[in-house]
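Q: 1 is the number of the first residue of the sequence shown in our numbering; add one for each residue after it.
A portion of the hints provided could be inaccurate.
Straight line, CA to CA, 30 Å or less: simulated DSSO-like cross-link-like pairs of lysine-lysine [unchecked claim]:
(1) 226 - 278
(2) 249 - 87
(3) 342 - 280
(4) 315 - 294
(5) 71 - 87
(6) 162 - 71
(7) 249 - 289
(8) 110 - 143
(9) 143 - 162
(10) 50 - 62
(11) 249 - 226
(12) 143 - 87
(13) 278 - 307
(14) 62 - 342
(15) 342 - 304
(16) 307 - 294
(17) 110 - 37
(18) 315 - 249
(19) 39 - 280
(20) 294 - 249
(21) 143 - 71
(22) 249 - 280
Don't read these hints as lab results, they were simulated from the structure.
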Amino acid sequence: MPEIKEEKPKKDKKKIKVYTNKSKNKRDVESVIDNLKSKYESINAEEITKFCDFPLSSNTLKALRECGYHKPTEIQRETIGLALQGKDILGAAQTGSGKTLAFLIPLLEKLYTLKWTKMDGVGSIVITPTRELAYQIFETLRKIGQHHDFSAGLIIGGKDLKFERNRMDQCNIIICTPGRLLQHMDENPLFDCVNMQILVLDEADRCLDMGFEQTMNAIIENLPPKRQTLLFSATQTRSVRDLARLSLKDPSYISVHENLEHSTPKGLSQSYVVCELKDKVSVLWSFLKNHPNKKIMVFFASCKQVKYVYEIFCKPGTPLLALYGTLHQLRRMDIYENFCHKQSAILFSTDLAARGLDFPAVHWVLQVDCPEDPATYIHR
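Build the full structure now, drawing on both the sequences and the hints.
A: As structure tokens, this is what we get:
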């Protein structure tokens, strides 16, 4: 018979409390920041081949790697270094050239080196012409800023104003459209941007083309004069130059496509079909039927045309979507995300989708109606 041993009661292990030296951690962070800032003046854009060649914080570099961003585009290589040095930027680049990262990376680094916290309020404002583009920038910011401890807010029309108003004072970074931002400036007592450090004006030429010139001027008058400003525009019109004079101080001018012979991307095949006006819809239908399982964007001149052709073509089982300005904001967001994630689909749209938005893996772009000018054709 086996011997039964009496088990001794186990002694409770004392929990050991670990005390961190906060002052030491603070000194370490300050040392890292000082080291980064000491390298800013020596940045040479011609020597940059990877994002890790820039003196960026480990939080930003980690997020860039996780998102698959390794090599900067030309506009990013030329812009990031100057922006880190604190200079105002007047940038011109093709749609799809990578402007979003060109301003989001310096924005994050600026707030990081200033040791910005949620208690410091609004540190940066990004103004863009459309809700869809604002949403796209916001999603990109969420990805590359995921390891930073900043709060961000998407402030656009078509959403609950009261909901936004109660949370404005909690945001460090605001992505917004011009009209909505000015509305908060005029009506929201909680909105305070007196400490704002960096302003970004994206697609500035389109903001002005859409009739926001007075709105933009009013916004800039409400912002602190001591700030850094990054202005990006696909075209340099007189209105853009006037806005630049009002908002920028001794800016560095960056252009990555002025010397190109063609403004359209390399490898893009362009064709046209001549037909009678009454046959345009039939020709479009024939093209779509002959190109199944493709991702196609179709541009029209007006919301009414989009709705009319959509109602004619829409049948059960047809992956057809329509995006235009009079749709409710939440519906517009759903359509945008739906088309982005589909492998094959057809999107009918106005020029709302022509500028700045990134739609991956599109096989065909059809322009049923002529654009207003060559620039709009290129953006489409």
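Q: Evaluate each hint against the coordinates.
A: Cross-check of the supplied hints:
| no. | hint | result |
| --- | --- | --- |
| 1 | 226 - 278 | violated (58 Å) |
| 2 | 249 - 87 | holds (8 Å) |
| 3 | 342 - 280 | holds (27 Å) |
| 4 | 315 - 294 | holds (17 Å) |
| 5 | 71 - 87 | holds (23 Å) |
| 6 | 162 - 71 | violated (41 Å) |
| 7 | 249 - 289 | violated (54 Å) |
| 8 | 110 - 143 | holds (17 Å) |
| 9 | 143 - 162 | holds (27 Å) |
| 10 | 50 - 62 | holds (13 Å) |
| 11 | 249 - 226 | holds (10 Å) |
| 12 | 143 - 87 | holds (25 Å) |
| 13 | 278 - 307 | holds (18 Å) |
| 14 | 62 - 342 | holds (28 Å) |
| 15 | 342 - 304 | holds (25 Å) |
| 16 | 307 - 294 | holds (21 Å) |
| 17 | 110 - 37 | holds (10 Å) |
| 18 | 315 - 249 | violated (55 Å) |
| 19 | 39 - 280 | violated (59 Å) |
| 20 | 294 - 249 | violated (47 Å) |
| 21 | 143 - 71 | holds (17 Å) |
| 22 | 249 - 280 | violated (50 Å) |
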